[in-house]
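Since the structure of chain A is already known, use the hints to place chains B and C on it.
Each chain, letter by letter, is given below.
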Amino acid sequence: METLERIIEEHPFFAGLNDEFMDLVLGCASNVRFPKDAYIFREGQAANTFYLVREGNVSLEIYAPQRKPIVVATVGVGEVLGWSWLLPPYEWKFNAHATADTRAIALDGKCLREKCEKNHDLGYEFLKRFAQIVVNRLEATRFQLLDVYSAQK
Amino acid sequence: MTAAAAQLDAMVPCPGVVRQVVKDTPDTFTLTVSRENEREQNAFQPGQFSMLWMFGVGEVPISISGDPANREQLTYTVRSVGKTTEALVSHKPGMSIGIRGPFGTGWPIEAARGRDVVIVAGGIGLAPLRPAIYEVLNNRDRYGRLVLLYGARSPRELLYRKELAAWARQPNTQVLVTVDYGGLGWHGNVGVVTTLFKSARLQPANSIAMICGPEIMMRFVTRQLGECGVTTESTYLSMERNMQCALGFCGHCQYGPHFICKDGPVFPYAKIRPLLEKHEL
Amino acid sequence: MEEEVTAAEKPRNRYSKASGDKPAPERALSLSASSIQINAAPAIAAQPPATEEIGAGHDARTRAILPAARLGELFQALAARGFEIVGPTARDGAIVYDRITGVADLPAGWTDEQEAAHYRLVRRNDQALFGYVVGPQSWKKYLHPAEVKLWAAERQNGAFRILNNETKPAPRAFIGVRACELAAMEIQDRVLLSEKYTDPIYAARREGIFIVAVQCTQSAATCFCASMGTGPEVKGGFDLRLTELLDGPKHQFLIEAGSERGEQVLLEFETTPAGESELRQAEAAVEKAARDQVRSIDQTGIKELLYENFDSPRWDDVAARCLTCANCTMVCPTCFCTSVEDVTDVTGDHAERWRRWDSCFTLNFSYIHGGSIRVSSKSRYRQWMTHKLAAWIDQFGSSGCTGCGRCITWCPAGIDITEEVRAMREGDIHGNA
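Same order as they appear, the protein sequences are chains A, B and C.
For the first sequence, our numbering gives the first residue as 8, with consecutive numbering after it.
For the second sequence, our numbering gives the first residue as 219, with consecutive numbering after it.
For the third sequence, our numbering gives the first residue as 154, with consecutive numbering after it.
Isolated chain A (complex conformation) (with noise of 0.2 Å):
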């Protein structure tokens, strides 16, 4: 748990968490391995954890009948995977696949939603970081929207 505890206060996710807040979470993690092309998890599966991605490559596909999977975003070293543990229907909106073989910090998220709702303090910093991760894939995603490399005609 030591190897833990440094990792997750290392994490710039979790950067300016105070210690009270720092036990608290740390009730709730564990390391975990997932080989190449494992599915870390389904689309439609019950969302309740999130990860730390450590080493690795993690690739958000979305099913396509007819065609293989498309890779719509990929999550690498030192990013999170997975929000919708956050918010109802805590559901998973995409496969998570790992490319490579992958270790992360999983965090257990019915774990820290109840937590949460004990805390609203420590709720509100699980938010807001949240929250910044979710406006920057936004804003990635618009931008990627524009097909901007397409020659207009």
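For the record, the hints were derived by calculation from the structure and aren't laboratory data.
As the structure is a prediction and not an experimental result, all values here were calculated from the model.
Everything hinted at is true.
As a list, the in silico DSS-like pairs of lysine-lysine whose alpha-carbon atoms are at most 25 Å apart:
1) 302/C / 349/C
2) 117/A / 100/A
3) 416/B / 135/A
4) 349/C / 321/C
5) 310/B / 380/B
6) 241/B / 301/B
7) 310/B / 241/B
8) 135/A / 122/A
9) 302/C / 480/B
10) 125/A / 135/A
11) 480/B / 349/C
12) 135/A / 100/A
13) 117/A / 135/A
14) 349/C / 489/B
15) 302/C / 301/B
16) 416/B / 43/A
17) 489/B / 456/C
18) 456/C / 480/B
19) 321/C / 302/C
20) 43/A / 75/A
21) 496/B / 456/C
22) 441/C / 403/C
23) 294/C / 388/C
Relative to chain A, chains B and C alone:
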């Protein structure tokens, strides 16, 4: 280049011969051209462009995309988007081509000495940056880290794929590539080029950034660079406008008070920052 | 073998803030590889043009009186020196510039009535030879022509060869050059004879022009050169300066030399030295022309005014009136934009590159693959006005506007650049739509 030779190239195309045409992507080709005249005339600054002329069809500005150390040939990466570029890419080896130039301002190679060089390219924007990459790799000890962030629409629209792999193996060099749309068989990053920043190992305080790509992309990237701590004074962009004479006479390439053909195409970000946000400038 | 013709010194002028008073750099005029030839410039054109301000040591320059009836002698003297004379003449309801051979071609007894979107030739009640201001054309018609072939090329066995059989135009004398027009020439000199690149066509045409300037003794309602500091007094850059003095039956010219060349010409005909009363009469006439001006542009902080008003709703107001017809750019003496066109003949083996006047008002002007940058008429009007009055200062060290008023007269919608500046300064959004 002697003053006389410079004036000669200014208005009248110099004959060149196409030596090689390589297809990079479905609509982009790299042409290698040699000229009969002195090697001096093939000297250029990374970031500069030539006016390439197809006999009787027209003339277009194309960035020089080759190695500045190679004086035997000039290399151009051309995307077929209109009548003249279509004619250019249809060249066969042995055909003649007219060349005027080189024109314009180049990347801040001198200012980059002793600093980390961050190159952010989008789509065909990698073409005018490639000479800067060659310059750094040819003189490795003059520069710090080299970080290349490159985004394209899809894997088959990536330019210079073999070279990207070769550059990634160079000392103190990081090459990160991403595509907007992944498709089959792509195991790399999917997402816009700004998503590569978090994986880039930068020392922002001592970095100089050179950016080229569609204007929207450059706006997103400069914002991201700023958030990473690279100053506006250390950031350079390559701009594009309608260009006809390349000499500052025809007036078409004006961007605010700047003539892109002679005050650019490479600009320090600080100089054009207020202009980038203006609609229909 | 390169043929280098030393370009003559640029006429000194008050607007060279950018280049200061350093001498003009030597410029290779013709671009020669062995396949390019131009006809050797006739000796006469190698003479330096007017270079001095009349103020600088003007006591040393000849100031004489020539009766109007003998003005023809000036034409003869210039023709004898091999100059093709170009000057004003009345035709098709306007005063235009064309080759003229004598005084009979001048618009004697005519004046121009000008207002926004209005130009009429009206009979005077005297026979003044230069009793008007400026017509729709400017001297750029000759110096920076509307259509010119840059070069031609031939293709043989896949390879091409550039040919250039351009003949240098005959040396010209311009008669009737107004102060604002001289200012315009100096402004275009800074654009086309820059330190980095020289337009050889402009340089060849500009070099050696013999300038007979005429001081305006009246102003049109559209004139505002006084506020732009470009007139009506002609201050330099000429060979001879005329001021028409019409006092009842007495019709004469104060004729003054502004250069060595001008002195030489003056020596050829009999004149009487100008007396104090005539000098004062001339001065007063020019001053009256300045006082008579009803329009003006306040130049204070004009660059910042325009740059900062990029998003002003006033532009929408102008856009509602502007037809983007490009008339203003055609008549403006300093507008220099051109487009380049490559053409071939039917066989495809002979190609030519032509250069034509273009205008930032056209939709295609700012086209890059995918579309034009300036699509709305608002953006195009804003581009023209901001460039002319503000960006030009950053680019060339002076305003691009000489206050000649042509753009006001020849705009079919009557858009008035002086009014637009005033409105912008006062935050006045709604114009006279």
